[in-house]
Amino acid sequence: MEIKTLSLTNGKQTTQASLTAYLQTPTPKAPVQAFPALIFVPGGSMTHIPEEESEKTALTFAALGYQVFILRYSFVGEATPLYPAPLLDLAQAVSLVHHHEDSWHLNGKVAVMGFSAGGQVVALYNDYWQSTWLGEESGLTEAERHFDAAVLGYPVIDLDLGFPDEATLTKWTDAPAKYNASHHVNQANRPTFTWATVTDPLITVQNSLNYVQALQRENISQELHLFDGGPHAMDVATDLVGPTVEPHKPHVHHWVTLADEWLTQTLSL
Numbered sequence: 001m002e003i004k005t006l007s008l009t010n011g012k013q014t015t016q017a018s019l020t021a022y023l024q025t026p027t028p029k030a031p032v033q034a035f036p037a038l039i040f041v042p043g044g045s046m047t048h049i050p051e052e053e054s055e056k057t058a059l060t061f062a063a064l065g066y067q068v069f070i071l072r073y074s075f076v077g078e079a080t081p082l083y084p085a086p087l088l089d090l091a092q093a094v095s096l097v098h099h100h101e102d103s104w105h106l107n108g109k110v111a112v113m114g115f116s117a118g119g120q121v122v123a124l125y126n127d128y129w130q131s132t133w134l135g136e137e138s139g140l141t142e143a144e145r146h147f148d149a150a151v152l153g154y155p156v157i158d159l160d161l162g163f164p165d166e167a168t169l170t171k172w173t174d175a176p177a178k179y180n181a182s183h184h185v186n187q188a189n190r191p192t193f194t195w196a197t198v199t200d201p202l203i204t205v206q207n208s209l210n211y212v213q214a215l216q217r218e219n220i221s222q223e224l225h226l227f228d229g230g231p232h233a234m235d236v237a238t239d240l241v242g243p244t245v246e247p248h249k250p251h252v253h254h255w256v257t258l259a260d261e262w263l264t265q266t267l268s269l
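To convert, note that position 20 of the sequence shown is 20 in full-length UniProt numbering; the numbers rise steadily by one, no gaps.
No lab work stands behind these hints, which were simulated from the structure alone.
One or more of the hints may lead you astray.
Said to hold, decoys possible - Cβ-Cβ distance ranges computed for the label pairs, FRET-style: (1) D174 x A30: 46 to 54 Å; (2) S45 x W133: 22 to 30 Å; (3) L240 x T168: 28 to 36 Å; (4) G65 x S18: 19 to 27 Å; (5) T47 x D160: 16 to 24 Å; (6) V198 x Q265: 24 to 32 Å; (7) K56 x R217: 30 to 38 Å; (8) T264 x T25: 34 to 42 Å; (9) T173 x E218: 21 to 29 Å; (10) A167 x A30: 28 to 36 Å.
From the three backbone atoms N, C-alpha and C, an ideal C-beta is built for every residue, glycine too.
Let the hints inform the model, and build the full structure from the sequences given.
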C-alpha cells in the first residue's frame with residue numbers, strides 16, 4: 001500500500017486542507033483491478049482530526065476493497081467564518097480523485113463518508129454539490145464535483161439541535177440557516193446511508209432523523225440504522241477505536257458490514 005498526502009491548495013483557493021490517500025496496488029491477474037474511491041471526512045468539532053482513529057477507519061475500509069482517502073479539511077481559525085471552506089475542500093478532494101482515476105486504480109465510483117462534524121460536511125455537500133454557488137466558489141465543473149453515494153455516522157445535521165453551542169456557532173458560520181443540512185435536501189442528493197446510536201449524549205439522534213425524513217420527502221434512495229445503545233464517536237466500534245470500555249461495540253460494529261453491503265449494491269460493484 002502506498003500512502004501519500006496531497007495539498008488541496010490550487011489556483012482558485014489557498015487552504016491548509018489536504019487529502020491523504022491509502023492506495024492499494026491490484027494483485028496481478030486478480031479479478032479486481034480497479035477499486036471504488038471512499039473519501040472519509042472525520043469528526044473533531046471542526047478544530048482537529050483524530051489522526052490515529054481516522055487511519056484505522058481508513059484501513060478497515062481498505063481491507064474491504066476501497067481506495068480510501070482521508071480529508072483533512074479547513075478548521076476553525078483557518079477561515080473566518082469557517083463555512084463554506086470545508087465544502088470547498090471536499091469538492092476539491094472529489095475532483096482530485098476523478099482526475100487520478102487511472103493512476104490510482106479507480107473504477108469511477110466515488111463515495112463520501114463523514115462522522116460527527118465531518119458528517120455535517122458530507123451532508124451539506126450532498127445537498128449542495130450540484131449548486132451554482134458551489135461551482136462558482138470552487139471553480140470546478142459539475143462533473144468534477146459529482147459523487148455517487150454518501151455514508152453518515154452520528155452526523156451533526158442541523159445547527160439548532162444543541163451542537164455546537166452559540167459561541168462556537170459564530171465561528172462556524174454567520175449564516176446558520178444556509179448550513180442546516182436537513183433544510184436543503186433536494187432532488188440532486190445522492191443515495192445515502194445513515195447510522196447513529198439513540199443514546200449519543202453529544203449529537204442527538206434527532207439530527208439523523210431530520211436528515212432521513214428530508215431525504216424521504218424527496219424520494220432519495222437511502223438506508224438508516226439506529227443502534228439502541230452506545231456513546232458518541234463509536235467510529236468503527238472495535239477495541240482499536242472509539243471508547244475504551246463499551247459493551248455495545250460488538251453490535252454497533254455491524255454498521256461496517258451493513259454499509260459495505262449497501263455501497264456494493266448502490267455503486268453496482
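Sort out which numbered hints this structure fails and list those numbers smallest first.
8 and 10
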